[in-house]
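Peer 1: Each chain, written out:
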Amino acid sequence: MYSKSMEPRIVGTAVPRKEAAAKVTGTAQYVDDVSLPGMLHGVTVRSGHPRALIRHIHFGDGIPWHEFTIVTARDIPGRNIVTLIFDDQPFLADGEINHPEEPVLLLAHENKDMVRRARQHVFIDYDPLPAIFDIDEALQAKTIIWGEDNVFKRYCIEKGDVDAVWSQADFIVEGEYSTEAQEQLYIEPQGMLATWDPETGITVRGSMQCPFYVQKALMPLFNLPAEKVRVIQQETGGAFGGKEEYPSMIAGHAALLAWKSGRPVKMIYDREEDMAATTKRHPSRTRHRTAVSRDGRLLAMDIEFIIDGGAYATLSSVVLSRGTIHAAGPYRCDNIRVRSTAVATNTPPHGAFRGFGAPQSLFAIERHMNKVARTLGLTPEEFRRRNFLRQGDSTATGQLIKQPLDLARLQQRALQLAGYADKLERFSRLNREGTRKKGIGFSTFMHGAGFTGSGERHLQSVVHLEARADGTVCVLSSMTEMGQGTNTILAQIAAEALGTSYEQVQVLRPDTAQVPNSGPTVASRTAMVIGRLVQSAALSLKEKLLQAALLQPGYTPEQFQSACREYICSIGPLKTSAQYEEPPGVHWDDEKYRGEAYGAFSWAVHVAEVTVDTVTGEIQLDDFVALQEVGRVLNPVLARGQIEGGVAQAIGYALYEKVVWRDGGMANNQMTNYIMPTAMDLPPIRVYFEEIPYEHGAMGAKGIGELPMDGPAPAILNAVENALGISFCHIPLLPEDVLSELSVAREAALDLAGSVV
Amino acid sequence: MRSFVPDYELVVAARLNDALDMLAEGWRPIAGGTDLMVLFNAGKLPYRKLVSIRRVKELSSIEESETEISIGAAVTYTHIRQHPVLRQEFPLLCSAASWTGSIANQNRGTLGGNIINASPAADSSPVLLVYDAELELISLRGTRRIPYCDFHLGYKKMQIRDDELLRSIHLPRKTENRRSYIRKVGPRQAQAISKVCFAATARLRGSAIDEVRIAAGSVAPVPLRCHATESVLRGQSISPDLIETAANAIAAEVQPITDIRSTRDYRRAVTANLLKQFLQTLA
Ligand SMILES: Cc1cc2nc3c(=O)[nH]c(=O)nc-3n(C[C@H](O)[C@H](O)[C@H](O)COP(=O)(O)OP(=O)(O)OC[C@H]3O[C@@H](n4cnc5c(N)ncnc54)[C@H](O)[C@@H]3O)c2cc1C
Numbered sequence: 002m003y004s005k006s007m008e009p010r011i012v013g014t015a016v017p018r019k020e021a022a023a024k025v026t027g028t029a030q031y032v033d034d035v036s037l038p039g040m041l042h043g044v045t046v047r048s049g050h051p052r053a054l055i056r057h058i059h060f061g062d063g064i065p066w067h068e069f070t071i072v073t074a075r076d077i078p079g080r081n082i083v084t085l086i087f088d089d090q091p092f093l094a095d096g097e098i099n100h101p102e103e104p105v106l107l108l109a110h111e112n113k114d115m116v117r118r119a120r121q122h123v124f125i126d127y128d129p130l131p132a133i134f135d136i137d138e139a140l141q142a143k144t145i146i147w148g149e150d151n152v153f154k155r156y157c158i159e160k161g162d163v164d165a166v167w168s169q170a171d172f173i174v175e176g177e178y179s180t181e182a183q184e185q186l187y188i189e190p191q192g193m194l195a196t197w198d199p200e201t202g203i204t205v206r207g208s209m210q211c212p213f214y215v216q217k218a219l220m221p222l223f224n225l226p227a228e229k230v231r232v233i234q235q236e237t238g239g240a241f242g243g244k245e246e247y248p249s250m251i252a253g254h255a256a257l258l259a260w261k262s263g264r265p266v267k268m269i270y271d272r273e274e275d276m277a278a279t280t281k282r283h284p285s286r287t288r289h290r291t292a293v294s295r296d297g298r299l300l301a302m303d304i305e306f307i308i309d310g311g312a313y314a315t316l317s318s319v320v321l322s323r324g325t326i327h328a329a330g331p332y333r334c335d336n337i338r339v340r341s342t343a344v345a346t347n348t349p350p351h352g353a354f355r356g357f358g359a360p361q362s363l364f365a366i367e368r369h370m371n372k373v374a375r376t377l378g379l380t381p382e383e384f385r386r387r388n389f390l391r392q393g394d395s396t397a398t399g400q401l402i403k404q405p406l407d408l409a410r411l412q413q414r415a416l417q418l419a420g421y422a423d424k425l426e427r428f429s430r431l432n433r434e435g436t437r438k439k440g441i442g443f444s445t446f447m448h449g450a451g452f453t454g455s456g457e458r459h460l461q462s463v464v465h466l467e468a469r470a471d472g473t474v475c476v477l478s479s480m481t482e483m484g485q486g487t488n489t490i491l492a493q494i495a496a497e498a499l500g501t502s503y504e505q506v507q508v509l510r511p512d513t514a515q516v517p518n519s520g521p522t523v524a525s526r527t528a529m530v531i532g533r534l535v536q537s538a539a540l541s542l543k544e545k546l547l548q549a550a551l552l553q554p555g556y557t558p559e560q561f562q563s564a565c566r567e568y569i570c571s572i573g574p575l576k577t578s579a580q581y582e583e584p585p586g587v588h589w590d591d592e593k594y595r596g597e598a599y600g601a602f603s604w605a606v607h608v609a610e611v612t613v614d615t616v617t618g619e620i621q622l623d624d625f626v627a628l629q630e631v632g633r634v635l636n637p638v639l640a641r642g643q644i645e646g647g648v649a650q651a652i653g654y655a656l657y658e659k660v661v662w663r664d665g666g667m668a669n670n671q672m673t674n675y676i677m678p679t680a681m682d683l684p685p686i687r688v689y690f691e692e693i694p695y696e697h698g699a700m701g702a703k704g705i706g707e708l709p710m711d712g713p714a715p716a717i718l719n720a721v722e723n724a725l726g727i728s729f730c731h732i733p734l735l736p737e738d739v740l741s742e743l744s745v746a747r748e749a750a751l752d753l754a755g756s757v758v
Numbered sequence: 005m006r007s008f009v010p011d012y013e014l015v016v017a018a019r020l021n022d023a024l025d026m027l028a029e030g031w032r033p034i035a036g037g038t039d040l041m042v043l044f045n046a047g048k049l050p051y052r053k054l055v056s057i058r059r060v061k062e063l064s065s066i067e068e069s070e071t072e073i074s075i076g077a078a079v080t081y082t083h084i085r086q087h088p089v090l091r092q093e094f095p096l097l098c099s100a101a102s103w104t105g106s107i108a109n110q111n112r113g114t115l116g117g118n119i120i121n122a123s124p125a126a127d128s129s130p131v132l133l134v135y136d137a138e139l140e141l142i143s144l145r146g147t148r149r150i151p152y153c154d155f156h157l158g159y160k161k162m163q164i165r166d167d168e169l170l171r172s173i174h175l176p177r178k179t180e181n182r183r184s185y186i187r188k189v190g191p192r193q194a195q196a197i198s199k200v201c202f203a204a205t206a207r208l209r210g211s212a213i214d215e216v217r218i219a220a221g222s223v224a225p226v227p228l229r230c231h232a233t234e235s236v237l238r239g240q241s242i243s244p245d246l247i248e249t250a251a252n253a254i255a256a257e258v259q260p261i262t263d264i265r266s267t268r269d270y271r272r273a274v275t276a277n278l279l280k281q282f283l284q285t286l287a
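From first to last, the protein sequence lines stand for chains A and B. Numbering-wise, the working numbering comes out as the position in the first sequence, counting from 1, plus 1. Numbering-wise, the working numbering comes out as the position in the second sequence, counting from 1, plus 4.
Some clues are possibly wrong.
As the list claims (entries may be wrong) - In silico EDC-like links for lysine to aspartate or glutamate, alpha-carbon gap of 16 Å or less: (1) K113(A) x D166(B); (2) K48(B) x D114(A); (3) K372(A) x E175(A); (4) K48(B) x E273(A); (5) K53(B) x E93(B).
Hints listed in this document are in silico derivations from the structure and should not be mistaken for laboratory results. All figures in this text were calculated on a predicted structure; none of them were measured in a lab.
Only chain A is shown next, with the shape it has when bound in the complex (with noise of 0.2 Å):
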């Protein structure tokens, strides 16, 4: 572990990230990059209905159908399930479908024209079936799409008891809030190169965030074992959640085609495609019923949180969980219940997508406590200040706060560095007169690090180290640079612990030839738990030199190299590997949903300033400060770039970013009409880090990418409230919206102005 006389020298700086010369120079090896002797190019051929029956698939002249590979269900050789949590959707489409994106079909062609062409010559008969597209016709179950009721999961948290306290509460609030769904928008569209080989088996090589997901997926499709599913990730250009699961669907249809036509194939989706058929957050909607006393304390809370699934399971339950376990905020209460279900529609399935349940959570909690704080009269902050969990407390699963948690320390700090109360004065002064109106608002929220509950202990993970003769040290392990910068922090924490430089830490791509399977890159798990890790074999490593008397306390990464090569010339191979072991005192119960449920959390207060034009509805962000105690910093501007990029896509998720559905598709899947702010819709963002160290972490770190997307879209309606007096409950907030609650709230200005004369 890091002590604090052992001054860092790597852990902490802004060493350049690992991968920056390739990218910048253009010789990064995406997947679109590479092309194979003798490769194909395959397309996907979907439904366009939301729900029906496939009658007959016929292909229309003018086009050499001899020339194409294609596939359907029938030529699967295995399961035609893509394998994750339940084995509900196909590969490709099997009679039925029940999304209007879902592969119905494959084909693949020498020419990328021709197959392109050709796909619009394939024509499918359907007999339509009644279809369902929100979480209230879902949930009405008049038309069951899925299951016995609609549901794919529910979950309940209680913890005291709720229905004894209505009757003793001063006050009780209600409140509704909705989110929509949000397209994660990676720079590079999903894609897959799929081999096969009667020898060695299937490989494909793509965009993806978790290598071993795809190889569990493709196995039971080809009836292969894991020896002959070969997985290896290509430079990624983002995911945000968007290639956890969905690479899985693409890598199967890039493989059967590989399969069928015993050549290269290669996948790779437009932008058009890409934003319909893939994944995006899951909308949601959350209810709340909160008694609290005339003195401010929170008596209990009541949380209906409901998410839109779309049309298979996919990954909605942990996605609910998250959101379930989030639903009441950094508060302490000792009376909570959390409600939620998933439900399934006719809409392509809602995935992971950064945050994966919080951000719609936290939404609704933090624009619910600014509605109880003013029902009582009190400040924003002071409600808050009254009710933040501290250390000692427990949170909605009843997990203790062991470490050190000073929120109203936090809270305070953020709201100074915006100058929150000078603002709200000057603010309320400038609001009287002219058509553009100021305000600022805050929220205040965590976000758990890691797996939930006893998820970190079932997946095992493991990472290795080896050292090669050159005295350099390769890191193996399954976690993905997507971007967010995994490479250079590994490297950082294993040239820390080893005593080495940065520059003689490299980092292996993930292939599952290769590397061990530390579990997936998701959940803000990369840093606390892989790290830590990495740090162990680091440390094993290290002893291994020391106990051969090859180095000596105190000694310079240019021992440390001539060590290793010494190890290796005089006794043989230097490898280490670590696995992941529970850290003490850690209990989480399934069934009722209690205990620890994250291994940390990171917190965060989070303060938007912004200007209502009343002319157009338009609301322009004029400065955002981002406090966050995310434990140990690795990296300060990669830690940076983490919350910059969180705080812009989450400005996306509560302004501009709204998905247009159309019978169930996206009907505004272009750049153009889909709406993500460019740099000049953006505001300054100040970011700020307080830092206490974890100690389970590496080196101290906490997890921290998802964090930034949870806050800002409540703090950002916050302000708004404060600058029109007008409480907004959805997101995305469009200026449409705006406008016509300002005409509604004039309207009853006037009606009040001539009911009093």
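Using the hints, position chain B with the ligand against chain A.
Peer 2: Relative to chain A, chain B with the ligand alone:
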């Protein structure tokens, strides 16, 4: 990219007459391609034979005479933004050019392309309407001039024949003493298709509105010159009542629709609000 490349032919014309010859044979013009290539990428470009007019000198210059400025149809937004006389006398056109797409779009996109693409949301159209622009069309048969306000007949329907090129856009130099106003309301600060774009000019005599021109885009099937609203204002002095009446008039005059980009009610309300904002600057 969803088009089949071998289906298409592209020829770069060196001279105006070569381009006109080819149009007469059924080829279609392509200038910056910033509209056509979007269709091409989506697999929706109907024309198979394209003649590029980007190298045709006669179409790429801005000429000044005593009475008018003539902008070649293939002049880019970047060129417009930098032109000293346009900046001085036709600032609204430079503003509209400055917020069209992005810098990259402005380097390629042309004023002629914007007009002939005939999107009701085109950012230059309201400006050309309030500046009383005239279009000059040319074919092998000769040239003709049409006032821009008569050019758009219906959604994507225009007074131009298949063998004609838009040659230039003429702006009469009589903008002196006019107050002007322009605003684009789009979904974001750049790379944005207007939900409403609005331009207006007025000349006051004393406190009365002597002359007024108002136009808006994205509020009707064609770029709309708001004659009815203008007539409510002409000759009147600015007062809160007049502003209210004019706002109601324009709300009635526009015919917006709801689509994937915005709503009818929003477009109508914003147009009225922008008009009010403009009129308040005159008060
Ligand atoms: C990312 C992006 C952002 C954009 N943002 C905006 C925006 O903010 N505001 C806006 O108004 N537009 C915008 N556009 C649309 C486009 O850039 C403009 O309409 C531009 O002016 C088109 O000019 P062009 O030269 O590229 O036209 P082209 O694509 O070359 O042609 C467009 C049409 O005009 C015809 N044509 C071109 N020149 C002539 C001529 N001289 N005579 C007869 N016919 C001709 C062509 O045949 C074609 O039908 C955007 C486009 C993109 C791709």
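Peer 1: Taking the hints in turn, state whether each one holds.
Peer 2: Hint check:
no.	hint	in the structure
1	K113(A) x D166(B)	violated (33 Å)
2	K48(B) x D114(A)	holds (14 Å)
3	K372(A) x E175(A)	holds (9 Å)
4	K48(B) x E273(A)	holds (14 Å)
5	K53(B) x E93(B)	violated (39 Å)
In this structure, the earlier hints numbered 1, 5 are contradicted, and the remaining ones agree with it.
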